Amino acid sequence: MQAHEVWSRLIAVREQAPLIHNITNFVVMNNTANALLAIGASPAMIHSTDEVEDFVAVSKALVVNIGTLYSDQVAAYKLAAAQAKRLGVPWVFDPVGAGATPYRRVVAASLLRLQPSVIRGNGSEILTLAQQSGAGRGVDSLHGSEAALEGAHRLAREGSAVVAITGAVDYVTDGERVTELHNGHPLMARVTGLGCSATAVIGAFLAVEPDAFAATVAALAVFSVAGEVAAGWAAGPGSLQVALLDALYTLDEATLADRLKVKARSEPLLKC
Amino acid sequence: MQAHEVWSRLIAVREQAPLIHNITNFVVMNNTANALLAIGASPAMIHSTDEVEDFVAVSKALVVNIGTLYSDQVAAYKLAAAQAKRLGVPWVFDPVGAGATPYRRVVAASLLRLQPSVIRGNGSEILTLAQQSGAGRGVDSLHGSEAALEGAHRLAREGSAVVAITGAVDYVTDGERVTELHNGHPLMARVTGLGCSATAVIGAFLAVEPDAFAATVAALAVFSVAGEVAAGWAAGPGSLQVALLDALYTLDEATLADRLKVKARSEPLLKC
Amino acid sequence: MQAHEVWSRLIAVREQAPLIHNITNFVVMNNTANALLAIGASPAMIHSTDEVEDFVAVSKALVVNIGTLYSDQVAAYKLAAAQAKRLGVPWVFDPVGAGATPYRRVVAASLLRLQPSVIRGNGSEILTLAQQSGAGRGVDSLHGSEAALEGAHRLAREGSAVVAITGAVDYVTDGERVTELHNGHPLMARVTGLGCSATAVIGAFLAVEPDAFAATVAALAVFSVAGEVAAGWAAGPGSLQVALLDALYTLDEATLADRLKVKARSEPLLKC
Chain A
5 MQAHEVWSRL IAVREQAPLI HNITNFVVMN NTANALLAIG ASPAMIHSTD
55 EVEDFVAVSK ALVVNIGTLY SDQVAAYKLA AAQAKRLGVP WVFDPVGAGA
105 TPYRRVVAAS LLRLQPSVIR GNGSEILTLA QQSGAGRGVD SLHGSEAALE
155 GAHRLAREGS AVVAITGAVD YVTDGERVTE LHNGHPLMAR VTGLGCSATA
205 VIGAFLAVEP DAFAATVAAL AVFSVAGEVA AGWAAGPGSL QVALLDALYT
255 LDEATLADRL KVKARSEPLL KC
Chain B
5 MQAHEVWSRL IAVREQAPLI HNITNFVVMN NTANALLAIG ASPAMIHSTD
55 EVEDFVAVSK ALVVNIGTLY SDQVAAYKLA AAQAKRLGVP WVFDPVGAGA
105 TPYRRVVAAS LLRLQPSVIR GNGSEILTLA QQSGAGRGVD SLHGSEAALE
155 GAHRLAREGS AVVAITGAVD YVTDGERVTE LHNGHPLMAR VTGLGCSATA
205 VIGAFLAVEP DAFAATVAAL AVFSVAGEVA AGWAAGPGSL QVALLDALYT
255 LDEATLADRL KVKARSEPLL KC
Chain C
5 MQAHEVWSRL IAVREQAPLI HNITNFVVMN NTANALLAIG ASPAMIHSTD
55 EVEDFVAVSK ALVVNIGTLY SDQVAAYKLA AAQAKRLGVP WVFDPVGAGA
105 TPYRRVVAAS LLRLQPSVIR GNGSEILTLA QQSGAGRGVD SLHGSEAALE
155 GAHRLAREGS AVVAITGAVD YVTDGERVTE LHNGHPLMAR VTGLGCSATA
205 VIGAFLAVEP DAFAATVAAL AVFSVAGEVA AGWAAGPGSL QVALLDALYT
255 LDEATLADRL KVKARSEPLL KC
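Residue numbers (the working numbering), protein chains in the order written: chain A, 5 to 276; chain B, 5 to 276; chain C, 5 to 276.
What you were told as hints is all true, and nothing was included just to trick you.
From the structure, some residues in chain B lie toward chain C, with a derived Cβ separation under 8 Å:
hint: 1; residue: Phe30
hint: 2; residue: Met33
hint: 3; residue: Asn34
hint: 4; residue: Ala37
hint: 5; residue: Asn38
hint: 6; residue: Leu41
hint: 7; residue: Met49
hint: 8; residue: His51
hint: 9; residue: Asp58
hint: 10; residue: Asp76
hint: 11; residue: Ala247
hint: 12; residue: Leu248
hint: 13; residue: Leu249
hint: 14; residue: Asp250
hint: 15; residue: Thr254
Hints are computed from structural coordinates only; laboratory data are not their basis.
The model shown is predicted, which means the values in this text are computed figures rather than measured ones.
Beta carbons: idealized from backbone N, C-alpha and C, even for Gly.
Modelling step: build the complete structure from the supplied sequences, incorporating the hints.
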């Protein structure tokens, strides 16, 4: 993907200001809403089972993040995701800490069955999902991001979803194609919930770009380039969190083109 | 209202440090508490049905904000608001997204019946409430902020409340008088929950000023002048959110007097 | 405690990156997670009764903060604290607003019975707990921080816990020893939830230092020196909140040694 292709999708978000329905965790609600506002989208945080189905119906995309899950919230995730599927509203799944407890694994697996358009997690979260869904068979013997990438690939194929692994390098796959992004900054790992913000930004791009693979690559490109710019302004993780919102808001095409390091991965990922 | 009249109320907040009971949404809790601290008030976020009535009894004002409502929280809103009414504690209602879903409309209407002292929302939220309460009859044919203003006027009369519409221009009415404020900055719309902070600041001013109309005008004056000052310091929405707290904390009388643009609206609003 | 003893514990946190399980309030979740990340720990916010016991079992310390308590959350506090006790995981209790309502007093008392390793609060919270537990007998006639300190002392003895009172001066006692810290800055009181962050930082130090008294003193030393540094960078409470995270992240041994004002309190606290 070229910088101008990323840029045109960001412009579409800024122009259309799509309404993004978030059912996200309590740690990141403020920053997620602010990240969406900073790129020009219109965020709403709505999680009651009494209204999520109605709200999905008027939204352009749904973001489900299980970070601080509990039973009532889980019920809301499922109602909202099922409604999104029914109405053709794209939805993104962020399986925060998917492998941390048995309960979390059960919830993550049940959400996978509701067929997210895009799944974004770190390597171990994606690997957990791949193993949960049965897509992980044979992956256990691999290690690190290569293992996660193979898991992502299988998960994408089985679920007909786009899967993104974010970390020092970001990977996006739809089960056929794989794109790598080499932007971002190590200090971003010292700020809570930037992955959650990235997931929400993917939601905004899905709202304006029907090709989920292209939307995901473009969203992560914008987010990680802005993170890189912000790290240059920051004195530590506190000021980075603030600067990232400023950088998302002020990002221009020249900066994006200058910094973007994205490439299709040429060698085949799976031989089987 | 003159700058010195706004200033004297801010001084009263700083000197009395009134305890403000907030039942607010999860997106803005941190920033709302910090905005109240920055102006010199003493915030508490207390939302369990097991204790809201006890806590209203020791508070100087109550703020109810339905942003991330769900059934248990709604029960807490009602218990707290009814207690406030019973004990003569002023209470402010922020009907976030009042028109977004049927559930939200029902909740907003039920809270209106508990007679808030002040209602603050954006134009469409106020218009929704006006229509819900029956006060909106005949308003449907109008458009934009004029429609919302007429709705606010009727809502204020029917509910014996002060109603504030905030936006590019802020309007405050008690059903008789209308005051306009022309402060603030467009970048404020790119930060989540600044309206919620404004509502909480109204709560703090209500705690020191029995005239709810004067308290609301003074609170919005302080908040929007501070927003304007902060926008001058900010490089984007992230730094604006931070700078606003600094500006509320450091605001002095000369800056307020220099920037304040407030006026009574002279022409009659309603002919009927 | 000498600066190098504080420093060696901070280094241990940075090197071991201990997983800290937080069940904390909604106001401070973001800042608490960020404070833990800034000092090098690995935070998780997990509060569902369906998973807290499983998660305590993989954590190095547990932090329980009752700021925005409600019945489901209270059930989670108890399950988690009981599990921590069972497994020998150290746990810290932050009794936010313990005396504010009857419900809060009941909850605080029930958590005390689960024997926290460390309790951190302001003077009035600690005094409330001391009175609740019966440890407050005879304390009522005293006033201010001396009264709270005597309460802390008795509470520590009765509960075999370390008790920290934070304020203009911080005090830490285990019922025998008392250490005073004279760092920090008055502006810190104008930022919501810094006490909650301090409690979480104590959790991180407990995870690497089995002596709970030493861990608590070291944690408060790091936190209050960083607060002092941050106050020097800040223009108000908004920028202080941000700068504190930068200061925790960038703190070096020379700055710590230069600023630290800690001393054992020599005179006996209780004659009885």
